[in-house]
Amino acid sequence: MKVYVGVETYTDEDGHVRPQTVHWTDGRRFEIQKVLDERRAACIQAGGRGLRYTCLINGRTAFLFFEGPRWFVNAAKKA
Numbered sequence: 001m002k003v004y005v006g007v008e009t010y011t012d013e014d015g016h017v018r019p020q021t022v023h024w025t026d027g028r029r030f031e032i033q034k035v036l037d038e039r040r041a042a043c044i045q046a047g048g049r050g051l052r053y054t055c056l057i058n059g060r061t062a063f064l065f066f067e068g069p070r071w072f073v074n075a076a077k078k079a
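Residues 1 to 79 in my numbering are what the sequence shown spells out, letter by letter.
Hints were generated in silico from the structure; no laboratory data involved. Every residue gets a Cβ at the ideal spot worked out from N, C-alpha and C, and that includes glycine. Hints are not guaranteed to be accurate.
[As the list claims (entries may be wrong)] Cβ-Cβ distance ranges computed for the label pairs, FRET-style:
| # | residue 1 | residue 2 | range |
| --- | --- | --- | --- |
| 1 | 39 | 69 | 27 to 35 Å |
| 2 | 42 | 69 | 25 to 33 Å |
| 3 | 60 | 27 | 15 to 23 Å |
| 4 | 36 | 75 | 16 to 24 Å |
Generate coordinates for the entire structure from the input sequences, incorporating the hints supplied.
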């Protein structure tokens with residue numbers, strides 16, 4: 001399920017954007033410890049296509065997608 005989130009980013013002098021913090025829909029904030037990879041990719045489970053950032057958040061790997069102008073994550077459906 002595609003969940004749109006707020007993201008704080010850093011843009012360097014060359015225009016390269018790096019996500020820094022994810023703002024979850026319930027108000028929690030998650031600092032991105034490290035961006036492990038960045039590539040154009042589709043989100044197979046939730047649909048959509050854009051830049052996929054593989055991020056280290058709280059010691060776990062997570063995918064964060066930029067589907068301009070919005071950011072989203074693929075969240076598990078609640079039963």
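* To do: Hint by hint, work out which the structure violates, then give me just those numbers in ascending order.
  => 1, 2
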